[in-house]
Amino acid sequence: NAGVMQNPRHLVRRRGQEARLRCSPMKGHSHVYWYRQLPEEGLKFMVYLQKENIIDESGMPKERFSAEFPKEGPSILRIQQVVRGDSAAYFCASSPRRIGSGGFQETQYFGPGTRLLVL
Amino acid sequence: GQQLNQSPQSMFIQEGEDVSMNCTSSSIFNTWLWYKQDPGEGPVLLIALYKAGELTSNGRLTAQFGITRKDSFLNISASIPSDVGIYFCAGLEGANSKLTFGKGITLSVRP
Chain P
1 NAGVMQNPRH LVRRRGQEAR LRCSPMKGHS HVYWYRQLPE EGLKFMVYLQ
51 KENIIDESGM PKERFSAEFP KEGPSILRIQ QVVRGDSAAY FCASSPRRIG
101 SGGFQETQYF GPGTRLLVL
Chain C
1 GQQLNQSPQS MFIQEGEDVS MNCTSSSIFN TWLWYKQDPG EGPVLLIALY
51 KAGELTSNGR LTAQFGITRK DSFLNISASI PSDVGIYFCA GLEGANSKLT
101 FGKGITLSVR P
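Chains P and C, in that order, are what the protein sequence lines are. Going by this note's numbering, the residue at position 93 of the first sequence is 93; the numbering climbs one at a time, nothing skipped. Going by this note's numbering, the residue at position 2 of the second sequence is 2; the numbering climbs one at a time, nothing skipped.
Everything labelled a hint here was simulated from the structure, so no lab data went into it. Please read all numbers here as calculations on a predicted model, not as lab measurements. Don't take each hint at face value.
Stated by the list, open to error - SDA-like, lysine to any residue: derived pairs with alpha carbons at most 20 Å apart: (1) P/Lys44 - C/Thr24; (2) P/Lys44 - C/Pro111; (3) C/Lys103 - C/Ser26; (4) C/Lys103 - P/Ser87; (5) P/Lys62 - P/Glu72.
To be verified - Sample of chain P residues at the chain C side, in silico, Cβ under 10 Å: (6) Leu11; (7) Tyr33; (8) Tyr35; (9) Gln37; (10) Leu43; (11) Lys44; (12) Val47; (13) Ile54; (14) Ile55; (15) Ser58; (16) Phe65; (17) Pro70; (18) Lys71; (19) Phe110.
Stated by the list, open to error - Across the chosen pairs, the derived CB separations fall in these ranges: (20) C/Asn75 - P/Ser66: 40 to 48 Å; (21) P/Pro39 - C/Glu15: 24 to 32 Å; (22) C/Ile67 - P/Leu38: 31 to 39 Å.
Idealized CB from N, CA, C, for every residue including glycine.
Can you build the whole structure from these sequences, using the hints too?
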């Protein structure tokens, strides 16, 4: 039973280039969450998506960042015109249903992450 | 935004010792989760807690959901070298589906 898969595991970009990070959720999971981790910090929520819908993007920077989760295929986190401050580990998590709505004991399962380095 | 407080940043223990880690918040959470992260990997779920006062074990790990719903602790008994890593607490607030994480505690185990 494969877990959450992310690729690439490592990505190097020069300033101004685009970065595309992919996430395939666990089988049977239709809810995807993206988090960013800076060195020696905890994970910070970015965006929550369900198939073809953005549910909560309150943690996404207003510019250059976008996310999608199409009907077919992986979820994509896209960073346009990357800057050095975008260097971080980006993690994707998935769950089979919406969590936090009460009466439903479930959690989020994380992928191995993509380490983005902007030169 | 909300923060979960974990301290100290690092802990050093001898193999075989028990260790306890705390996580506190200024607001109420309705789910508490403990994750472990190894270098270069993603967080792996250790224990999930869903009810105030709940005490749950997973092998040598025991975690409790505080009665006030503003704290949780994780206890590791009889530590072994592979317990080395970063331990994060995370919480869910209200109907939000986004996890709030602490900054983590780096555990070192001396053989």
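Going down the list of hints, with the structure as the test:
1. P/Lys44 - C/Thr24: holds, 17 Å
2. P/Lys44 - C/Pro111: violated, 33 Å
3. C/Lys103 - C/Ser26: holds, 15 Å
4. C/Lys103 - P/Ser87: holds, 18 Å
5. P/Lys62 - P/Glu72: violated, 26 Å
6. Leu11: violated, 14 Å
7. Tyr33: holds, 7 Å
8. Tyr35: holds, 8 Å
9. Gln37: With a minimum Cβ separation of about 9 Å from chain C (threshold 10 Å), the hint on P/Gln37 holds.
10. Leu43: With Cβ-Cβ at 5 Å, under 10 Å, it holds.
11. Lys44: holds, 7 Å
12. Val47: holds, 9 Å
13. Ile54: P/Ile54 check fails; min Cβ-Cβ to chain C is 12 Å, beyond 10 Å.
14. Ile55: holds, 7 Å
15. Ser58: holds, 7 Å
16. Phe65: Interface hint status for P/Phe65: violated (16 Å vs cutoff 10 Å).
17. Pro70: violated, 20 Å
18. Lys71: violated, 20 Å
19. Phe110: P/Phe110 check passes; min Cβ-Cβ to chain C is 4 Å, inside 10 Å.
20. C/Asn75 - P/Ser66: 40 to 48 Å: Since C/Asn75 and P/Ser66 have Cβ atoms about 42 Å apart, the given range 40 to 48 Å holds.
21. P/Pro39 - C/Glu15: 24 to 32 Å: holds, 28 Å
22. C/Ile67 - P/Leu38: 31 to 39 Å: holds, 33 Å
Going through the hint list in order, the structure does not satisfy hints 2, 5, 6, 13, 16, 17 and 18.
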